[in-house]
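Novice: Below, each chain spelled out in residue letters.
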Amino acid sequence: MESDIRLMKGNEALAHAMIRYGADGYFGYPITPQSEVLETLEAEMPWESTGMVVLQAESEVAAVNMVYAGAGAGKAVCTSSSSPGMSLMQEGISFIAAAELPALLINCMRGGPGLGTIQPSQADYFQATKGGGHGDYRLITLAPSSVQEMCDFVALGWDLAFKYRTPAMILADGTVGQMMEKVILPEPRRRRTEEELREQCPWAVTGKKNRKRNIITSLELNAPAMEVINNNLQAKYKRIEENEVRCEALNTEDCEYLIVAFGSMARICEKAMELARKQGLNVGLLRPITLWPFPAKAIEQAARKAKGILVVELSAGQMIEDVKLAVNCQVDTRHYGRMGGMIPTPDEILGVLKEMFVK
Amino acid sequence: MAKVKGAVVVNIERCKGCDLCAVACPLGVLELQPREVNNRGYHYAYVKNADKCIGCQSCALVCPDGCITVYRVQE
Amino acid sequence: MNMKQEDIIKPENCVYRKPSLLTDENMHYCPGCSHGVVHKLIAEIIEEMGMEDKTVGVSPVGCAVFAYNYIDIDWIQAAHGRAPSVATALKRLNPENLIFTYQGDGDLAAIGTCETIHAANRGENIAIIFINNAIYGMTGGQMAPTTLLGMKTSTTPYGRRADLNGHPLVMAPLMAQLDGTCYVTRQSVHTPAAVRKAKAAIRKAFENSMAGKGTSMVEIVSTCNSGWKLTPAQSNEWLVENMFKKYPLGDLKNE
Chain F
1 MESDIRLMKG NEALAHAMIR YGADGYFGYP ITPQSEVLET LEAEMPWEST GMVVLQAESE
61 VAAVNMVYAG AGAGKAVCTS SSSPGMSLMQ EGISFIAAAE LPALLINCMR GGPGLGTIQP
121 SQADYFQATK GGGHGDYRLI TLAPSSVQEM CDFVALGWDL AFKYRTPAMI LADGTVGQMM
181 EKVILPEPRR RRTEEELREQ CPWAVTGKKN RKRNIITSLE LNAPAMEVIN NNLQAKYKRI
241 EENEVRCEAL NTEDCEYLIV AFGSMARICE KAMELARKQG LNVGLLRPIT LWPFPAKAIE
301 QAARKAKGIL VVELSAGQMI EDVKLAVNCQ VDTRHYGRMG GMIPTPDEIL GVLKEMFVK
Chain U
1 MAKVKGAVVV NIERCKGCDL CAVACPLGVL ELQPREVNNR GYHYAYVKNA DKCIGCQSCA
61 LVCPDGCITV YRVQE
Chain R
1 MNMKQEDIIK PENCVYRKPS LLTDENMHYC PGCSHGVVHK LIAEIIEEMG MEDKTVGVSP
61 VGCAVFAYNY IDIDWIQAAH GRAPSVATAL KRLNPENLIF TYQGDGDLAA IGTCETIHAA
121 NRGENIAIIF INNAIYGMTG GQMAPTTLLG MKTSTTPYGR RADLNGHPLV MAPLMAQLDG
181 TCYVTRQSVH TPAAVRKAKA AIRKAFENSM AGKGTSMVEI VSTCNSGWKL TPAQSNEWLV
241 ENMFKKYPLG DLKNE
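Protein chains in written order, with this note's numbering: chain F, 1 to 359; chain U, 1 to 75; chain R, 1 to 255.
Same shape as in the complex, but just chain F (with noise of 0.2 Å):
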């Protein structure tokens, strides 16, 4: 069968994939630079071609609790948001995690603090990466840098998520969001009969028929049965860092210097490494893919005959922390980044990178 290839932006790419999915249901709230992923399966009308359910909610805090509820049916539920909205929903997140549900989130990040501008931005690593809301929790953070990734990246999302009863992010930024790129769409998949979400969800509240009654809840006053809930998750997060990296290397055997860049600033760190060759530095280029759980292994061996590290975000500093970690500052690690919705070009790093190291 010919592969269906469309031209479209990276928040169109994300509505039409979780249709393919075959998704349950999508509880939004319109903010810029994401608004796309509404208006596009608003458009599209899902409901009357696979069932899925399309909601505009009156607040990310009601749609991001919508998700909450829908991932305890045990469908595949989705919300997306920007920043400021993102923030918002923290406290939702905390429950969905916390209540060991499955469910995807998407931020297209745009820059802050406050209400920023709705220009691109990669500000919210530390949010998505390092919990974000209260207590002890991890999200799967997926960093997409392209069109493509975008619409993968729905697939891959809600697998790991029901795979660890654990919520997934899609952290794009909103460059990814907004750029028109060449994507192939995956073969549509049909949403889970009722007895298949039974099967695959016991844990599911969908009525007790057959079986005891299921509680969701994440509520636990006895202290020592509120650790062992704790020590359960962690064992549950050791288990997706074990198992669940996903980076990108380039150039990066022997490399003499080391670019370490995540989503739409890897493509243009890419370019910056390609004409950084040519004029005869060894650079290389790693892309974490999964941003927690974190590729440390992957730029620690990287960097083993680095002699600097440049981390590049869109950002005052937020991965470089654990760039940093994962080479135990044994290597010169660097920051450049740019804010505000300004975004570097590729001679601008170049320029960077050379100043910084080759002198």
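Mixed in with the good hints, there may be bad ones.
List time: in silico EDC-like cross-link candidates among lysine to aspartate or glutamate, alpha-carbon distance up to 20 Å [what the hints assert, rightly or not]: (1) F:Lys208 x R:Glu96; (2) F:Lys209 x F:Glu199; (3) F:Lys209 x R:Glu52; (4) F:Lys297 x F:Glu242; (5) F:Lys209 x R:Asp53; (6) U:Lys52 x U:Glu31; (7) R:Lys229 x U:Glu36; (8) F:Lys208 x R:Glu47; (9) F:Lys209 x R:Glu44; (10) F:Lys209 x R:Asp179; (11) F:Lys208 x R:Glu52; (12) F:Lys208 x R:Glu25.
Rather than coming from a laboratory, the hints here were simulated on the basis of the structure.
Quick caveat: nothing in here was measured; it's all calculated off a predicted structure.
For chain F, the structure is supplied; the task is to place chains U and R on it using the hints.
Specialist: Same frame as chain F, now just chains U and R:
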């Protein structure tokens, strides 16, 4: 006319001694134990005047803890 | 002829017993708390409707957070105030399920006012059980949005003042004027007759939900004798004398 007779049984261990059953009873059938307490320390309700009960269920309806079972026969 | 007790106490003569959907777990509520009666009614109604295998309850934050321990059905516990959002998604994703929220005045009328009004305005096919006892019970008797003027609570120790604390928020008329609601009623459980009426109201709300008629809200004007610092019996008297004046019983909307 047939005379209605009732009887109530209190689950004394579930009872919290709130007294609402005794207040709701139109015939003074129930009362709280003035001295004795159950395992949880409550002065539980007990049937003081069994022969007055007409099985009207008033006590059971207002009982917040579902402690009361009501029986009723027509003599 | 005087019948002996043992002649009356026979299974075939039983006219009232704890509903089987109410679990044997001792409820954590204070003695005389209205929550227990309402839990009992919900359990009875689900049983009588034969919906025990198709019902999902949404428990709030507040005293009733543990409602899931007491009624033997599927439950999901919602973040503070978000029960109507949770119920919205459950019902839309599984329309064959009976979905109800169980919320206190803080949950429904303070932190969750937005979710409550919008779920009702969308006409979600859910039933909202609203326990209004004019106080925050779980956290120790603080002012609720529905606390009456002059009423003493731990955060209005000299009585609620309109100039300092604002006015009691009256939710039922707000809900009744929304096009999405089909049934808005105020009930209480302070007398046997009131309990019977409240049961009929909750049953109607549940039936509306399954008939797809829109959102129903049953407000139970309740007591919190611990928070009010009265005995359960005194609380019922205070309820009639004070609460019913601001929150009069009866149907506000029945379509």
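Novice: Does each hint fit the structure? Answer for all of them.
Specialist: Hint check:
1. For a cut-off of 20 Å, the pair hint linking lysine 208 of chain F to glutamate 96 of chain R stands: about 13 Å separates their Cα positions.
2. Taking the CA atoms of lysine 209 of chain F and glutamate 199 of chain F, the gap is near 13 Å; set against the 20 Å cutoff, the hint holds.
3. Using a Cα cut-off of 20 Å, the hinted pair lysine 209 of chain F and glutamate 52 of chain R holds, with the two alpha carbons roughly 8 Å apart.
4. Between the alpha carbons of lysine 297 of chain F and glutamate 242 of chain F the distance comes to roughly 11 Å, so the proposed pair stays at or under 20 Å and holds.
5. Taking the CA atoms of lysine 209 of chain F and aspartate 53 of chain R, the gap is near 5 Å; set against the 20 Å cutoff, the hint holds.
6. Taken as a hint, the lysine 52 of chain U and glutamate 31 of chain U pair is honoured in the structure, with Cα atoms around 13 Å apart against an allowance of 20 Å.
7. Note on lysine 229 of chain R and glutamate 36 of chain U: the hinted pairing is violated, with a Cα-Cα distance of about 24 Å set against a maximum of 20 Å.
8. Only pairs whose Cα atoms come within 20 Å are accepted, and lysine 208 of chain F paired with glutamate 47 of chain R is accepted, the gap being roughly 13 Å.
9. Pair hint lysine 209 of chain F plus glutamate 44 of chain R holds up; C-alpha atoms about 18 Å apart against a cutoff of 20 Å.
10. Proximity of lysine 209 of chain F to aspartate 179 of chain R is assessed by CA-CA distance (about 34 Å); at most 20 Å being required, the pair is judged violated.
11. With a C-alpha separation of about 7 Å, the suggested pair lysine 208 of chain F and glutamate 52 of chain R falls inside the 20 Å cut-off, and the hint holds.
12. The hinted pair formed by lysine 208 of chain F and glutamate 25 of chain R meets the criterion: a straight-line CA distance of about 19 Å does not exceed 20 Å.
Hint check: violations occur at hints 7, 10; the rest are consistent with the structure.
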